[in-house]
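A.B. asks: Residue strings, one per chain:
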Amino acid sequence: MRETDRKDIGSCRSRRDFAKKVALLAVAPLLSSPGSIRSQEKESAKDKPGEIVAGALTQIVQARYGQYLTPEQMKEVKKSIEGKQRTAETMKKVKLQNSDEPAFSFFADLP
Amino acid sequence: MSQDITEDHLFASIRELSDLIRNRKVSCLALTQAYLGRLEKYGTKLGAVVTITHDLARKQAQAADEEIRSGHFRGPLHGIPYGLKDLAATKGIPTTWGAEPYKNQVFDFDATVVKKLREAGAILVAKLSMVELAGGFGYNNADASFTGPGRTPWNTNYWSGGSSSGPGAATAAGLVAFSIGSETSGSIICPSAFCGLSGLRPTYGRVSRYGAMALSWTLDKLGPMCRSADDSGLVLAAMAGKDPRDPTSINKPFSYSLSDQQPSENEPIKSNRKKFKLGVIKGSTDHLQEAVKRNFQDSLKILRPFCEIIDEVPLPDLPFDPVVETIVDAEGASALRGLVESGRSKQLRSTNDRWGGYSGSMILAVDYLQAMRLRVPMKREMERLYSRYDALIAPAWNTVAFPIGKDFDKAYPEFSSGPPIIEAGNAVGQPAISVPNGFGQDNLPTGIQLTGRVWGENRLLAIANAFQSQTGWHKKRPTLS
Numbered sequence: 068m069r070e071t072d073r074k075d076i077g078s079c080r081s082r083r084d085f086a087k088k089v090a091l092l093a094v095a096p097l098l099s100s101p102g103s104i105r106s107q108e109k110e111s112a113k114d115k116p117g118e119i120v121a122g123a124l125t126q127i128v129q130a131r132y133g134q135y136l137t138p139e140q141m142k143e144v145k146k147s148i149e150g151k152q153r154t155a156e157t158m159k160k161v162k163l164q165n166s167d168e169p170a171f172s173f174f175a176d177l178p
Numbered sequence: 008m009s010q011d012i013t014e015d016h017l018f019a020s021i022r023e024l025s026d027l028i029r030n031r032k033v034s035c036l037a038l039t040q041a042y043l044g045r046l047e048k049y050g051t052k053l054g055a056v057v058t059i060t061h062d063l064a065r066k067q068a069q070a071a072d073e074e075i076r077s078g079h080f081r082g083p084l085h086g087i088p089y090g091l092k093d094l095a096a097t098k099g100i101p102t103t104w105g106a107e108p109y110k111n112q113v114f115d116f117d118a119t120v121v122k123k124l125r126e127a128g129a130i131l132v133a134k135l136s137m138v139e140l141a142g143g144f145g146y147n148n149a150d151a152s153f154t155g156p157g158r159t160p161w162n163t164n165y166w167s168g169g170s171s172s173g174p175g176a177a178t179a180a181g182l183v184a185f186s187i188g189s190e191t192s193g194s195i196i197c198p199s200a201f202c203g204l205s206g207l208r209p210t211y212g213r214v215s216r217y218g219a220m221a222l223s224w225t226l227d228k229l230g231p232m233c234r235s236a237d238d239s240g241l242v243l244a245a246m247a248g249k250d251p252r253d254p255t256s257i258n259k260p261f262s263y264s265l266s267d268q269q270p271s272e273n274e275p276i277k278s279n280r281k282k283f284k285l286g287v288i289k290g291s292t293d294h295l296q297e298a299v300k301r302n303f304q305d306s307l308k309i310l311r312p313f314c315e316i317i318d319e320v321p322l323p324d325l326p327f328d329p330v331v332e333t334i335v336d337a338e339g340a341s342a343l344r345g346l347v348e349s350g351r352s353k354q355l356r357s358t359n360d361r362w363g364g365y366s367g368s369m370i371l372a373v374d375y376l377q378a379m380r381l382r383v384p385m386k387r388e389m390e391r392l393y394s395r396y397d398a399l400i401a402p403a404w405n406t407v408a409f410p411i412g413k414d415f416d417k418a419y420p421e422f423s424s425g426p427p428i429i430e431a432g433n434a435v436g437q438p439a440i441s442v443p444n445g446f447g448q449d450n451l452p453t454g455i456q457l458t459g460r461v462w463g464e465n466r467l468l469a470i471a472n473a474f475q476s477q478t479g480w481h482k483k484r485p486t487l488s
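If you read the sequences in order, they're chains R and B. Residues 68 to 178 in the numbering used here are what the first sequence lists, from first letter to last. Residues 8 to 488 in the numbering used here are what the second sequence lists, from first letter to last.
No lab work stands behind these hints, which were simulated from the structure alone. All the given hints hold, so there is nothing to weed out.
Calculated lysine-lysine pairs in the DSSO-like style (CA-CA distance at most 27 Å, straight line): (1) R:Lys160 with B:Lys386; (2) R:Lys142 with B:Lys413; (3) R:Lys145 with B:Lys417; (4) B:Lys353 with R:Lys146; (5) B:Lys48 with B:Lys66.
Since the structure is predicted, the reported quantities are computational estimates derived from the model, not experimental observations.
Starting from the given sequences, assemble the full structure and let the hints guide the process.
C.D. replies: Quick look at the structure:
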């Protein structure tokens, strides 16, 4: 195995680990809170699931690219990601069948 | 041979110039020199130019003159000077993508469109400005290119549109005979409307994308931006065709000629001619600036003698806008990942572009795939709708050009956007053409857009040609100082 391959796998693993940690951080309050708070937060999560996901994704941006972004830019990034979550929800409202394939094809031949 | 090139020549149609060149009443070199001079004089003022290709242009013009002298005439583009949006690669000449981080980028090959136009005999006189990275990171202001904002020559306090801002300004100002722009979602139609041009967005796959900056592999199209629909047809015929280097290009022959149904200029259209069936998109006349609305209604009156017009035709109720937004975000963040991850986004001109690539990087794979899956039912529904019409029509834009120095969302906040015509057409790869239909506030042009079935460019061109045979908006010239 080449050195570069090992690096790729390593970084991929660490990214996955990181993503898992972020996901856990995002849901941690729900898992660890006392009953009443937990149910309140569950309701809150139900109200705004996109915001929780957006918060988690924003943390990924912060971790990966935070050194390039000012706090003001990070706020814009968060707002933008929240908008994209709403966009994703809009798309999910259209029912698709399992057989509805994406509009692209893989060709075995080289171009 | 007369070498006196006048402004009339510089604003002439491709057919007119071609006749003069073929009959050796104008030399390619003299014409090229005149356009080069005009590019020098006005190109920077209009924020339209990145690189003027003096040496290459003179060399190509001399070669064209020699060929024509020896009896080898390649066709209507032979000896015609043109400008190219600076996202298409040109061997040995900077290709900047409109962006500071790429301003010294030089490729060692030509994009297929450059090669095809060279083979047709066209002369490259300039690489034209564009919104940085074709606007993929969410710019919200005209000042979004390292060359500054593009200005419409009709009123230089206003934007020429984007992201093909240079092709819009340069073609409308007579700095080039025609230009090549690109559209991912609106980038040919918008500047054509803001500059009073006839811009044609071809069907996805009609023109090779090889050598053009990728913003979205599944949405990007290259197309002609011209002063008349007829010019657009001629240029598209030279650009179109299957290219083995772009696997998404399709082997569907495209040829273009003015049909025998086409009336000569100013000749009344015969009443016994079969009428085009034209649907007015429902909601497209709501929330328009007054002049845009008035000009659109006047255009329908002009179209009625040769079109059966059906009002209130609804677009399918599908999330076209979210689909296009998601695809541009995901594909753009991937195509430009190197820039985003290097932190050099901070060198971009637009404040939004400095962070837009980071939020775009966070599109989830399932959301991207959802968008790509939705394109199939969208194609099905759009085909079902469009199969009943020769074209659907709407205003090209709901306002005139945006003022420079003001964020887009603050320019005309009272005029919200209408139905997602541009997004719908781009999501399913349909062709569209924008043609000028008058003027609105501050001497700024307005336009109509015709959209049609995939591979139906000739139908759109026939309607647009018929419209332009009865109107003179495409012949108006801006006054430059």
